[in-house]
Structure formats: structure tokens, C-alpha cells
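Colleague: Here my numbering is used: the first residue of the sequence shown is 19, the next is one more, and so on.
Keep in mind that the hints were calculated from the coordinates and are not lab data.
Keep in mind the model is a prediction, meaning the values are calculated, not measured.
What you were told as hints is all true, and nothing was included just to trick you.
Cβ pair distances, simulated, as ranges:
(1) 69 - 232: 40 to 48 angstroms
(2) 181 - 291: 26 to 34 angstroms
(3) 244 - 297: 31 to 39 angstroms
(4) 48 - 294: 51 to 59 angstroms
(5) 69 - 244: 28 to 36 angstroms
(6) 288 - 27: 38 to 46 angstroms
(7) 172 - 44: 20 to 28 angstroms
(8) 169 - 196: 15 to 23 angstroms
(9) 334 - 198: 42 to 50 angstroms
(10) 51 - 294: 55 to 63 angstroms
(11) 69 - 48: 18 to 26 angstroms
(12) 182 - 48: 51 to 59 angstroms
Virtual Cβ for every residue (Gly too), placed ideally from N, Cα, C.
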Amino acid sequence: MATTHNHLCPELIVEIFTRLPTQSLLRFRSVSKSICGMIGSPDFIRLHSVRSPKKFTVIHRVNYKAEGVTKSVYTINSAGGGQLSYIGTTPVEYPFKEKHIVGSCNGIICVYEYDRSIIHLWNPCIRRKVTLRFLPPWLPGLALGFGFDPSIEDYKILWTASGGVSSVYTMKTHTWREIPSPAAMDSLSLVKSPMCLFDGALYWAVKRHFRHSCCYMMTFDLSSEVFSTIELPEPSWETNTVTVIKGCLAVVSSSSSKDNDSRIWVRTAAAASWSLAFKLDTRQPVLSINGDLVFSRCYCSKGLLDYHDPETGVPSRLVNLTNSSYVDGMITYIESLELLHYGTSCDQGKSKSKQALDC
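Can you build the whole structure from these sequences, using the hints too?
Modeller: Encoded structure:
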């Protein structure tokens, strides 16, 4: 007897399946060999990631009083279209220890465990990771970036440091190689912001010299592997975040005056200059920007996770956390099947209850 999918044309099956949630696709791989092969194909995985909705991952440090231990957990939350979902999401034990989130691309989050000098490429949706154990040495002015090179359809990690030292890792070859660095890297003294992936390039803010307050933006094209620089809006030393908002490259500046605000500057390709988009009535650190929403938090006995509408700048409360839990990091990403055929499982099981976050 013919199965149901034999009555549908292959194009329609792909059209339907690439719009399904990742967990459903993982289950459907057992339906037949043909379905399993289709879901695991590179073209299907890439199309599915393009069509997936926006999500954001929040990493928490939680004090489990009954057990007398503190653990890290993460939640995967809905976002996009101005709608967010947080309460009721199930926390999962975070698979890494001391870490720095480098970036996110196509559903893969790049995590740097600085105490062990290890980098992980991690897909939290399917709970798989690829671990890179051989890194270039730590040097002053160290900065890491992660993104996708469409010219060779491969993921790359950029490693840079002061003194004009740079290396690139490519996932398919599993190798690091040194690349030429611009003269501007010789005078780099301080990395002001993490690298931000936008339109096939990495962007980050740096300080020129220890004795001067002048800062600027470094850029790195993932395909041509060429560095360049962009001047920051003045006063340049107030820039502390590089991000993307409303489809444009953006930076966040925190006022050094008595004004209790932050400013969001955007740069369009047509104008090739910075313009003030809006102000936020807060000087709290901006943790992440989800294209449409700006997230910030307060450091106090009760953790507060807020988001702001860029059109109005008006803050809204996403969640209150008691002193048994606080936000340790967050990043936006999309659901995908990337890393399905790579690395190892990092499924450490779910935490005991969704009330563990004590919201």
C-alpha cells in the first residue's frame, strides 16, 4: 500500500516540511528512508533555517536551595513581530561551564569556554555540539567572531588580537590558518564590544590606544577575508554595543553625562553615515537586540528583564526573577537542523520543573 507522501509531489512535501518545527522534523525522520534523506539534505536544512521563526535563548544561573547547588539552565523563547513568550518555557540544563557567547548564525551558537580554551558550535534546538580543542594562544585585545561564508557555504570563526595577529577557522576543513591583518590592528588596545554578524561580515568596536579615548569600528568580510574600518558616531568612546536593528547596522552609546539614557545609532548602506534612531530612558547594559526589540536588565536583588520597542523607546517588563535566579546571558537565533550530522549530543536532560526559575 502506498504511503501518503507518495501521493504528493516532492516540491509540495518540501514546501510543507520546511515550515514545520524542528522537533517535529526529528520525529518524522523515522517515517521512511526517503523522508529521512530529504530532511537531512543540506538544501533542506538551509531552506528550513531561512523559513524558521525568530527565537531567543536566555541563560540563567539558578540557586537550587533544596539541593544546595547552583546550576546554569537555558530557555528557548518565542520572539518576532513584537510578540514574546517567556513564562511557561521549560528550562534545560546548560551544557557548558565558564563561557562567553561569541555569536549566532543559522541556529548555531558559538560558545567560548575561556577557562579551558575551547570553542563549541552548539545547536540548542537539537542539542548537538561540535567542539574545537586547538585554539590560537590567548593574547591582549583578543576578539572572536562567528558567521557563514556563502561563497564556499561554510562556517568560519575569526580570531584576532592586538599586534596584528589574526586567524580563521573553517568548519569543513577543521583547521586554523593565519591571515593578513591591517595596520590598524597594530595599535588596537581594547575591544569595546563583541563581534556582530551582519550581511556576510563581522563588526566590532575597538579602542585605538590606551592613552587616547578615540574608538572606531573594525569590519571583516567573511568571503574575501578583508579587514576595514568605519568611524563611529561621536563621542566615539561612548559606544559599547554593535548590533543590528530594523535591518540596519546599529551601535548603542551610553551617555557619560548625567543624562540617564542610551542612544541607538543606525547606518544604512545608501547613506554611509550614522543617524540617531532613538533614545532609551535607561543606562542599564543592553544584552541583546532582536531586530525589533531591545533587551536590557537591571542589577538588583530582583532580576528584571525588560525590552523596548525601537519605535517608541518605551520599556516593557518581560519577566521578574527572584534572587534565586539571574540572567547570565542571552542571544537571538533561529530554529534549525544545522549540525544534525556533526559533533556529539549534549542533551543533559531537562531541569526538574519549569518553576525552577522562580519567576
